[in-house]
Amino acid sequence: MNIGLLTVESTRTAIAQKQITATRVVEDFYRKIKAEDKEINAYLTLCEDRALRQAAGIDEAAGKGDPLPPLAGVPVAIKDVMVTKGIRSTAGSKILESFIPPYDCTAVARLQSAGAIVLGKLNCDEFAMGSSNENSAYGPVRNPRDKSRVPGGSSGGSAAVVAAGTAVAALGSDTGGSIRQPAAFCGVVGMMPTYGRVSRYGLIAFASSLDHIGPLTKTVQDAAILLRHIAGRDPLDSTSAGVPVPDYEQEIGKPVKGLRLGVPGEYFGEGLDTEVRSSVEAAIQQLATDGCEIIPISLPHTRYAIPTYYLIATAEASSNLARYDGVRYGYRSKQAHTLSEMYRKTRDEGFGPEVKRRIMLGTYALSAGYYDAYYLKAQKVRTLLARDFEEAFRQVDAIVTPTTPTPAFKLGEKADDPLSMYLADIYTVVADLVGIPGISVPCGKTKSGLPIGLQILGKHFDESILFRLAHTVEHGRAV
Amino acid sequence: MKITDQDVSYVADLANLELTPEERTRMEKDLNSILDYIDLLNELDTSNVPPMVQVLSDKAGSAKFEHAFRADELRPCLPHETAMQNAPDTDGDFFKVPRVIEK
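Protein chains in written order, with the working numbering: chain H, 1 to 479; chain D, 1 to 103.
In short, the hints are calculated from the structure, not lab data. Be a bit skeptical, because a hint or two may be false.
As the list claims (entries may be wrong) - Facing chain D, a subset of chain H residues (Cβ under 10 Å, in silico): (1) Y138; (2) V243; (3) A322; (4) K345; (5) P353; (6) I359; (7) T363; (8) L385; (9) D417.
Where a beta carbon is used, it is the ideal one built from N, C-alpha and C, also for glycine.
With these hints in hand, go ahead and build the complete structure from the sequences.
This is the structure in structure tokens:
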């Protein structure tokens with residue numbers, strides 16, 4: 001059995017049918033991680049003892065003939081912005097270098113209670129701020145498809161382990177594209193659900209009106225399976241929505257004939273790589289052949305999305321990150337003699353350059369005299385962006401675009417220019433700003449073999465249609 | 001230039017960040033370049049546009065979050081010891097910090 005190729009579906013079936021034990025699966029994964037992850041640098045922390053104990057429990061139940069939970073023995077890995085009880089959780093930051101959380105993130109707890117086994121915690125941009133994984137305090141992650149390139153970010157480790165086969169699936173988080181963009185760069189499936197669909201309890205906060213948790217997987221079916229398990233109301237998160245969760249797996253294989261797909265002109269303009277364009281256009285053509293009606297649409301405020309995002313996200317981040325002061329948990333500077341000095345030195349030594357940049361921008365945008373011109377202005381433009389989509393969804397059932405303007409770029413290529421790095425998220429940020437779900441599914445490769453992603457956006461709480469369409473794209477693709 | 005070195009110091013102060021002189025110079029340059037790009041928003045007349053307060057604020061939106069209003073009842077929480085376990089400095093009951101008032 002080549003464990004690198006295992007999916008959620010094939011792993012749970014193999015274990016349930018006793019073709020292999022959970023213990024053997026977990027041992028094989030750790031062997032593979034130890035042999036292959038050094039170069040990729042996706043894992044920050046492994047929790048081998050705990051994983052093996054959990055696997056032994058599953059094997060014991062299977063041996064007695066007890067019914068197994070639905071994800072029994074499926075090895076997953078978790079972006080290090082989700083807290084895990086007793087397992088170090090760093091958010092990719094030095095300031096949380098030795099933080100051992102006393103509780104579990106709800107999404108992780110739900111996967112574990114469904115039988116999934118957490119192998120370890122994954123590298124990411126510090127506090128999920130970045131588009132290349134180069135902002136991690138623990139070094140960059142390399143793209144397993146081409147190790148001279150970035151895996152994308154901020155869920156770079158999550159996309160990399162799925163692509164490398166060093167976990168069956170992973171959880172990531174998306175605030176401006178951080179699940180979908182790395183999924184596109186690494187050639188895997190990345191699903192960002194509707195705002196409020198998945199509880200954020202235990203997600204280390206970046207920008208609370210934009211943060212989402214979602215799965216990164218090898219197949220669309222796996223994403224459907226995992227989302228169903230992590231979704232739904234959570235009494236511990238008042239922003240989690242009380243909306244029934246459908247059985248997304250039933251969407252897999254349903255026909256797409258008659259669905260109306262919007263193609264926004266604004267997403268195919270200047271800056272779009274020609275190979276990405278032709279690959280995405282071919283995927284849209286294939287959906288037309290499968291019976292979808294293709295409708296050109298306009299989302300006229302698209303060019304304002306990135307500036308809007310960088311005001312709102314940084315304003316919220318400056319407020320959320322005020323908690324890292326060296327008092328209750330996390331790093332504390334040893335150089336300080338007064339309280340005020342302790343706050344400053346702790347934050348200066350504990351945060352990396354991009355996090356400081358965003359705290360500064362956000363603090364400025366919220367400061368007296370600038371609030372109306374920046375933060376309030378951005379929240380008004382956010383309304384205009386939402387109206388663009390309301391209008392579009394009167395005519396269409398879903399919207400298809402490229403996930404990213406280019407394939408994965410080289411390590412270091414954009415590291416010195418924050419603005420050009422921000423533009424890597426140009427097609428993904430809007431969905432976060434308006435709260436709609438989006439999925440990135442591989443739709444082809446460049447001539448040099450770099451993966452290309454197609455993004456599908458849907459109405460609030462209509463993840464089902466995204467799974468149906470993405471599965472069609474996945475299976476129509478010449479492999 | 002929108003932001004001067006003085007602005008950088010003022011904002012760093014608000015954010016409790018202690019920046020080195022090199023960091024301040026770099027910050028001034030980066031923030032100005034980002035704010036120039038953000039100026040794009042001034043092309044839009046938003047005088048009659050309400051600010052977004054909730055992305056799901058359609059008619060059905062509020063019903064989806066009715067549960068957010070719950071009775072204010074005591075529920076189990078972390079034991080004191082567990083809540084203190086990550087403290088950088090503690091006397092067992094409280095978090096210890098450097099002195100606030102100079103002698």
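Problem set entry | Ascending list of hint numbers which this structure does not respect | 1
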